[in-house]
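Undergrad: Chain by chain, the residues run as shown.
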Amino acid sequence: MTPLVNLHILAKRFTQLSKSVYFDPAFREFSQKTVHAIQHVIENADYYPDDVIRQFENQAWRVMQFVRGSRSNDAPHETQYVLRKALKDWIKSEALLSSAALEDFIFFLNTEDIWDFISRSLNRLSDQKYKPLVVRIGSPEAFKHRPVFCIPLFHELGHFVDHYYEISKSSLLLSPIPPTPPNLPLQTWQLINLHHRMEHFADLFASCYCGEASNNSLLAIAPDNPDSPTHPSTKKRVAVVGDFLNGRANQMIELLQQASNARAKQQLTVKFALPEVDSAFNDVLTYNITNENELYGIFPASWNYLHSQLNTPTAPWIDNELTAYGVEKTVNDLVEKSIRNFEIKERWSGVPTDAN
Amino acid sequence: MSLLTRTELQARINTGKPDQIFIDPILEESQIGAVSVDLRLGCDFLVSILNHKPSVQLYPTDNTSEPELFFQNARRDLGDTFLLHPSQTVLATSLEYVGLPSDVYADVVSRSSYHRLGVSISSMFHPGFRGCISLELFNHSNVPIELIVGSRLVQARLFRNEHDVAYFQEGPRRKYIGNVRPTISRASHDIDIAQLVELSKK
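Protein chains in written order, with my numbering: chain R, 374 to 729; chain V, 877 to 1078.
Because the hints were derived from the structure by calculation, they are not lab data.
Please note that the accuracy of each hint is not assured.
[What the hints assert, rightly or not] Label pairs and their computed distance ranges (CB to CB): (1) R:G699 to V:N890: 41 to 51 Å; (2) V:P1020 to R:N664: 39 to 49 Å; (3) R:K702 to V:K929: 20 to 30 Å.
[Claimed, not checked] Reference listing, derived: stretches of chain V covered by chain R, where coverage requires no fewer than 3 residues with Cβ under 8 Å from a Cβ of chain R: (4) 897 to 904; (5) 968 to 976; (6) 1055 to 1062.
We put the beta carbon where it would ideally sit given N, CA and C, even for glycine.
Using the sequences plus the hints, can you model the full thing?
TA: If you want it as structure tokens, here you go:
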């Protein structure tokens, strides 16, 4: 289990993955180049310092988790399709969206960039021009076919955009943080404020695409969390998003918009349009999504529909025998298929269906 | 009972009215033929596999012989190929999500081009059906066949009944409503099975 032995094992695993028929070509290339980098480190083990080898090995393990989850069999395909569109609003370069399928009820973003590490630390490697943009997000494997429950992934994508442009970081220059509380080191206080701004940005980002559903899913996960070193209280987070969606003035929103403008050359703006899904879903039919705004809006619309049916079933297809599991499966399946139909039509026609 | 022709099909497909024949997506108008609608092969598959159990049990005495343990899922994208081996059973669905009104039922069969290769499919879908059409693929030939996701594999002949049928409101809860992916057989959920097993014990 030394780093070098582990790298041999990782090289074999990446090689196996790169031969998988379930990968798209971009991921296959990523796996193949990572194998090449691993083999390079093994062959030059005497040249690179031990801590570099160990750090590289650690990063490779974590990357493996995401790359493995990105095979088409395992990935939440339809949700990823929509996330890729949202990401394109902010970052025009082609991005690899990779997922870790977790046996846990958590959503997260991993910001480590193995190829950034490689370019900084493996100076003998010839592949220095390869700089893929990889978004690594994790979500519960059980939600693979439950797009309505994957709304938190838009929050994680917001973290990626923030990290890419350093929006929250730059906001510290635009507006000083409040005075340091007594008995707290300044550095710790600065970090707390930065983390809180990052969470607010990610919340606002998610609400641009999912509206109130981003707040609703937060309340489902963390209904009453207090302030912590890493997160503002749920109450504060919900209030900021509420102000944003209702056009109310809010200092945090203004600050982050200013920072976003400066770094990403664009502001957070509402992108979704709420489609009227009730009629279709009541009839157990897919909804015909007509443009990208509705593509985003189907997430909040379906959240509302699902939860109203769970609370007070009125849909004709819900009877006494149908459990909550049956209701959410039906709704999630209809949403998944509605998104997939939009994607199919878009690919078939060869151009985006949204005229804009 | 009458077979719906092109004019009638065009008049009833995706009108948005309660009696519409819902088919989404229809990628080409030419899918609507003189007396049938071509449907395409979908992206998801359940491939039959062997495991250490000798048989699929419709009324398993333990949970290690249930049908779902004998299938493995696979996914392809539009345009990808899927290899159907000789004598292999694969569950797939249509690319299209279909909703039949209460006065229309559908017979779905493989198109002649695929029938000639040894792929035969035959199914019927009741009035009120909702979901992607289930396709039980079987290769009768002795060579593997490469199917292409999105290709027009089957044709649906739609028949109008004289009277409406409340298929999904009558009888026990229907097992496959609203499916968007292939679904393992739920034959074991048939109410008769439990009764028959009890009979066999006497």
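Undergrad: Confirm or reject each hint.
TA: For each hint, the structure was consulted:
Restraint check, G699 of chain R to N890 of chain V: a C-beta distance of roughly 27 Å breaks the suggested window 41 to 51 Å. Range check, P1020 of chain V to N664 of chain R: about 41 Å between beta-carbon atoms, so the 39 to 49 Å window is met. Roughly 27 Å separates the CB atoms of K702 of chain R and K929 of chain V, a value that falls within the hinted 20 to 30 Å. Under a criterion of three residues with beta carbons nearer than 8 Å to beta carbons of chain R, the stated coverage of the region 897 to 904 of chain V is upheld, 4 such residues being counted.
By the rule of at least three residues with a Cβ nearer than 8 Å to a Cβ of chain R, the coverage given for the region 968 to 976 of chain V holds, with 3 such residues. Counting residues of the region 1055 to 1062 of chain V whose CB lies closer than 8 Å to any CB of chain R gives 3, which reaches the minimum of 3, so the coverage claim holds.
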